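S.K.: In case you want the letters, here they are:
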Amino acid sequence: MTWQLLMVKAADSTFAVPVEIIIEVLSAVLPETIIDQPQSIEGLVNLRGEIIAVHSLRSLAGLPRRALSPSDRILVLKNGSTKLGLIADQVETVQDFREEQLFAQSLSPTAFMVIELEDRKLCLTSLSDFIEESEE
Amino acid sequence: MSNQVLIFNLGPHRACMELEDVVQVYDSVSFEEIGDVDPAVLGMINIRGQTVPLIDIKPRWNQAPRSVELSDQIVVFKSRGITVSIIVDKVLGTKTVPEKRIVALADIVDDSLPHKVIATPDGMMILLDCQRLFSEEFLAPFSRIGIGKDKGTDQEQ
Numbered sequence: 001m002t003w004q005l006l007m008v009k010a011a012d013s014t015f016a017v018p019v020e021i022i023i024e025v026l027s028a029v030l031p032e033t034i035i036d037q038p039q040s041i042e043g044l045v046n047l048r049g050e051i052i053a054v055h056s057l058r059s060l061a062g063l064p065r066r067a068l069s070p071s072d073r074i075l076v077l078k079n080g081s082t083k084l085g086l087i088a089d090q091v092e093t094v095q096d097f098r099e100e101q102l103f104a105q106s107l108s109p110t111a112f113m114v115i116e117l118e119d120r121k122l123c124l125t126s127l128s129d130f131i132e133e134s135e136e
Numbered sequence: 001m002s003n004q005v006l007i008f009n010l011g012p013h014r015a016c017m018e019l020e021d022v023v024q025v026y027d028s029v030s031f032e033e034i035g036d037v038d039p040a041v042l043g044m045i046n047i048r049g050q051t052v053p054l055i056d057i058k059p060r061w062n063q064a065p066r067s068v069e070l071s072d073q074i075v076v077f078k079s080r081g082i083t084v085s086i087i088v089d090k091v092l093g094t095k096t097v098p099e100k101r102i103v104a105l106a107d108i109v110d111d112s113l114p115h116k117v118i119a120t121p122d123g124m125m126i127l128l129d130c131q132r133l134f135s136e137e138f139l140a141p142f143s144r145i146g147i148g149k150d151k152g153t154d155q156e157q
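These protein sequence lines map, in sequence, to chains U and C. Each residue of the first sequence is one higher than the last, beginning at 1 in this note's numbering. Each residue of the second sequence is one higher than the last, beginning at 1 in this note's numbering.
Hints may be right or wrong, so weigh each one.
[What the hints assert, rightly or not] Calculated cross-link-like contacts (lysine-lysine; reagent style PhoX-like; alpha-carbon spacing at most 25 Å):
#: 1; chain 1: C; residue 1: Lys90; chain 2: U; residue 2: Lys78
#: 2; chain 1: U; residue 1: Lys9; chain 2: U; residue 2: Lys83
#: 3; chain 1: C; residue 1: Lys95; chain 2: C; residue 2: Lys78
#: 4; chain 1: C; residue 1: Lys78; chain 2: C; residue 2: Lys58
#: 5; chain 1: U; residue 1: Lys83; chain 2: C; residue 2: Lys100
#: 6; chain 1: C; residue 1: Lys90; chain 2: C; residue 2: Lys78
[What the hints assert, rightly or not] Among chain U residues calculated to face chain C with C-beta under 10 Å, some are:
#: 7; residue: Glu50
#: 8; residue: Ile51
#: 9; residue: Arg98
#: 10; residue: Gln101
None of these hints come from the bench; they were simulated from the model. Everything numeric in this text was worked out from a predicted model, so none of it was measured. Backbone N, C-alpha and C fix where the C-beta goes; we use that ideal spot for every residue, glycine too.
Work the whole structure out from these sequences, hints included.
M.R.: Structure, rendered in structure tokens:
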């Protein structure tokens, strides 16, 4: 079994997003804040007439928050009918991982976490859990 | 199906409400400050003999509260059967919005959010749900003493 993962960064940490949930990657735009905005989102953006909620990878990972930078990127993710944006500091490359490579990576102290989208909720999943889920 | 909305600016944000909920729009007027109420309540205004609370919703948009300026405008509307008013920077006008362009925030953000959003060519505007803009607890003190209630309603009680 192989996985294609897009590697992204927030602060100095690396995360991976399965390519099958990525619709597109955009240059960062400042999200529009809303009344009574929940802490979980950064705001909304108008994506060619479609409004989507935008989250921050830094917030999701509990990393220090900072103001939006022009070099930031918004990943548009979709799972079923759910579509949302995720702000990352940096988008790197798509990498192919075989199961044994991912397993070896999961044992590393610098193992990255995988970003998954369940209903409207973004979650960080450890590599070992991600491999286990994929096998089910 | 379409909705007619009243559009206004609230700081850097554009918002609107269903025209059928709006009672009237006024230019900034003096208001009577009152103590012992939620800080969002700036005071009371008198509209043709009816006392109506004047409320600042900007802090709920993470904007710092600021003093009322002469250029501000006041939108009077009904919420949970009570006449209330909010201070806005500027009323821009009315517009008819097709139903298909209106999306519930509950569908894209959080089930607890009652308001909606409308995509516009230059971004978006929030369609405030007048009925659920304020909680029952927030409006209860006004309701108890008959503030914002129609005179006919007072007589019935």
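S.K.: Now tell me, hint by hint, if it's right for this structure.
M.R.: Each hint tested on the structure:
no.	hint	result
1	C:Lys90 with U:Lys78	violated (37 Å)
2	U:Lys9 with U:Lys83	holds (21 Å)
3	C:Lys95 with C:Lys78	holds (20 Å)
4	C:Lys78 with C:Lys58	holds (19 Å)
5	U:Lys83 with C:Lys100	holds (18 Å)
6	C:Lys90 with C:Lys78	holds (19 Å)
7	Glu50	holds (7 Å)
8	Ile51	holds (5 Å)
9	Arg98	violated (36 Å)
10	Gln101	violated (36 Å)
Hints 1, 9, 10 from the list above are not met by this structure, while the remaining hints are.
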